[in-house]
Amino acid sequence: MKIWKLTPVNGSGYVRIRAPSEMRAREIAFKSFVSKEAHRSTHPTDWQNLSWQDAKQVTCILEEDDISDEEGFLDIVKKE
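Per my numbering, the sequence shown starts with residue 2, numbered consecutively.
Simulated from the structure, these hints should not be mistaken for lab results. Treat the hints loosely; a few may be bogus.
What the hints assert, rightly or not - So the derived label-pair ranges between C-beta atoms look like this: (1) Gly12 to Gln54: 15 to 21 Å; (2) Asn11 to Lys32: 18 to 24 Å; (3) Ser22 to Lys57: 28 to 34 Å; (4) Gly12 to Asp70: 18 to 24 Å; (5) Thr60 to Pro21: 18 to 24 Å; (6) Ile68 to Val35: 26 to 32 Å; (7) Asn11 to Ser69: 15 to 21 Å; (8) Asn50 to Asp70: 31 to 37 Å; (9) Val10 to Asp76: 26 to 32 Å; (10) Lys57 to Arg17: 17 to 23 Å; (11) Lys32 to Ser69: 30 to 36 Å.
What the hints assert, rightly or not - Mimicking DSBU-like on lysine-lysine, the simulated pairs with C-alpha atoms at most 35 Å apart in a straight line are: (12) Lys3 to Lys80; (13) Lys6 to Lys80; (14) Lys79 to Lys57; (15) Lys3 to Lys57; (16) Lys79 to Lys32; (17) Lys80 to Lys32; (18) Lys80 to Lys57; (19) Lys57 to Lys6; (20) Lys6 to Lys32; (21) Lys32 to Lys57; (22) Lys32 to Lys3; (23) Lys3 to Lys79; (24) Lys79 to Lys6.
From a predicted model like this one, the values you see are computed outputs, not experimental measurements. Quick reminder that beta carbons are idealized off the backbone N, C-alpha and C, glycines included.
Use the sequences and the hints to build the structure in full.
Here it is, written out as structure tokens:
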């Protein structure tokens, strides 16, 4: 697995996700922030309105390789 850092271009924070590819990391973020009410209350910064697949709205950088084989969130950081 790899660790990906996805950052909305509006600078409202970032998420770090463990996934095998950038595409899969973006998919995990999309499903979590667009589809689930729990994250909407955590992130009133309209992350649910972002197109997580669009590099113009959300940047994605590879931070490091990881030995774990489990996908998922590592950090969710919201900036006020």
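Please check whether Asn11 and Ser69 have a Cβ separation lying inside 15 to 21 Å.
violated (30 Å)
Between Val10 and Asp76, is the Cβ distance one that fits in 26 to 32 Å?
violated (18 Å)
Please check whether Lys57 and Arg17 have a Cβ separation lying inside 17 to 23 Å.
holds (21 Å)
When you take the CB atoms of Lys32 and Ser69, is the distance between them in 30 to 36 Å?
violated (20 Å)
Range agreement (Cβ of Lys57 with Cβ of Ser22, hint 28 to 34 Å)
Because 19 Å falls outside the window, the suggested range is violated.
Taking only the CA atoms, is the gap from Lys3 to Lys80 under or equal to 35 Å?
holds (24 Å)
CB-CB spacing for Asp70 and Asn50 relative to the 31 to 37 Å hint
For Asp70 against Asn50, whose Cβ atoms are near 32 Å apart, the range 31 to 37 Å holds.
Pro21 and Thr60 - C-beta distance against the hinted 18 to 24 Å:
holds (19 Å)
Keeping to a limit of 35 Å between CA atoms, is the pair of Lys32 and Lys3 held or broken?
Cα-Cα ~19 Å, so holds.
Keeping to a limit of 35 Å between CA atoms, is the pair of Lys80 and Lys32 held or broken?
holds (21 Å)
Straight-line alpha-carbon gap Lys79 to Lys32, limit 35 Å
holds (18 Å)
Falls inside 18 to 24 Å, the C-beta gap from Asn11 to Lys32?
About 21 Å separates the Cβ atoms of Asn11 and Lys32, which means 18 to 24 Å holds.
This entry does not satisfy hints 3, 4, 7, 9, 11, going by the numbered hints stated previously.
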